[in-house]
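Participant: The numbering used here numbers the first residue of the first sequence as 146 and each following residue consecutively.
Any given hint could be a false lead.
To be verified - Calculated cross-link-like contacts (lysine-lysine; reagent style DSS-like; alpha-carbon spacing at most 30 Å):
no. : residue 1 : residue 2
1   : Lys174    : Lys157
2   : Lys266    : Lys157
3   : Lys295    : Lys153
As the list claims (entries may be wrong) - Just the calculated beta-carbon pair ranges, DEER-fashion:
no. : residue 1 : residue 2 : range
4   : Asp285    : Arg208    : 31 to 39 Å
5   : Glu210    : Ser275    : 13 to 21 Å
6   : Thr292    : Thr206    : 30 to 38 Å
7   : Glu181    : Tyr269    : 15 to 23 Å
8   : Gly226    : Pro148    : 33 to 41 Å
9   : Gln287    : Ile227    : 33 to 41 Å
10  : Asp162    : Gly303    : 18 to 26 Å
11  : Lys207    : Thr292    : 34 to 42 Å
12  : Gly226    : Thr206    : 13 to 21 Å
These are calculated hints, taken from the structure and not from any lab test.
As the structure is a prediction and not an experimental result, all values here were calculated from the model.
The C-beta atom is built at its ideal place from N, Cα and C for all residues, glycine as well.
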Amino acid sequence: MTPIRLSKEFFKQNALDLAPQLLGKYIVKNTDGKIEKFMITETEAYCGEEDLACHASKGRTKRTEVMYEEGGKVYTYIIYGIHWMLNVVCGAKNNPQAVLIRSIDEVNGPGRVGKRLNIDKSFYGTDLCSSKIIWIEELDNQTPKCTYSKRIGIDYAGEIWKNKLWRFSL
DNA sequence: AGCAAGATCGGT
DNA sequence: CCGATCTTGCTG
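Could you put together the complete structure from these sequences and hints?
Facilitator: Next comes the structure, spelled out in structure tokens:
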């Protein structure tokens, strides 16, 4: 089975559809010709301006503007001054959504994912459909069975949004 | 210009 | 449970 890079069409899905489908897919990194692949094992969906846990709930800012682009770009930001978060922008243009990559293979936790993949500001806005540095592949088009739970670390988002089962795990 | 909080983690 | 560490968005 030949691995296939995920297409723009795939990333144009809404976050709630994309987040579970990213499980079992592979993040591929090309570091000076050295290829590494990591299976995605946990994701979270962040769903537009009305989702108070989503950074886009603040509206269009310098930080969130990449989420307003068509799906398929990378959204990175630093949190607590220490950890780089890796997100996949998804959905249609001007519909700001993203999927947070929370875990890969044996690397649990989004901060550790960012560290393992050497994610930083330079990845902000990278196009996963054309980049030679980072992209996502599938070996088959199966979506593995996953479990659903509440998103982590968003208690500030209020009862409605913090209780959504928008975290997906293998 | 200053401030408070954050999609976390590792060490007490 | 607390500190790290710095960007961001909000206030004035």
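Participant: Give a verdict on every hint.
Facilitator: We went through each hint and held it up to the structure:
1. For the given pair, Lys174 sits about 22 Å from Lys157 by alpha-carbon distance, which is consistent with the 30 Å threshold.
2. A distance of roughly 23 Å separates the Cα atoms of Lys266 and Lys157; the hinted pair therefore holds under the 30 Å criterion.
3. Taking the CA atoms of Lys295 and Lys153, the gap is near 28 Å; set against the 30 Å cutoff, the hint holds.
4. Against the hinted window of 31 to 39 Å, the Cβ-Cβ separation of Asp285 and Arg208 comes to about 36 Å, which satisfies the hint.
5. Separated by about 19 Å at the C-beta atoms, Glu210 and Ser275 satisfy the suggested range of 13 to 21 Å.
6. The supplied range of 30 to 38 Å is met by Thr292 and Thr206, whose beta-carbon atoms lie about 33 Å from each other.
7. For the hinted restraint 15 to 23 Å between Glu181 and Tyr269, the CB-CB distance of approximately 21 Å keeps it satisfied.
8. Gly226 and Pro148 have their C-beta atoms about 36 Å apart, which keeps the hinted 33 to 41 Å range intact.
9. At roughly 36 Å, the beta carbons of Gln287 and Ile227 sit within the given window of 33 to 41 Å.
10. As the Cβ distance of Asp162 to Gly303 is approximately 24 Å, the hint placing it in 18 to 26 Å holds.
11. Checked against the hint of 34 to 42 Å, the C-beta distance between Lys207 and Thr292 comes to roughly 36 Å, which is consistent with it.
12. Range check, Gly226 to Thr206: Cβ separation about 19 Å, and the 13 to 21 Å hint holds.
Checked against the numbered hints above, the structure breaks none of them.
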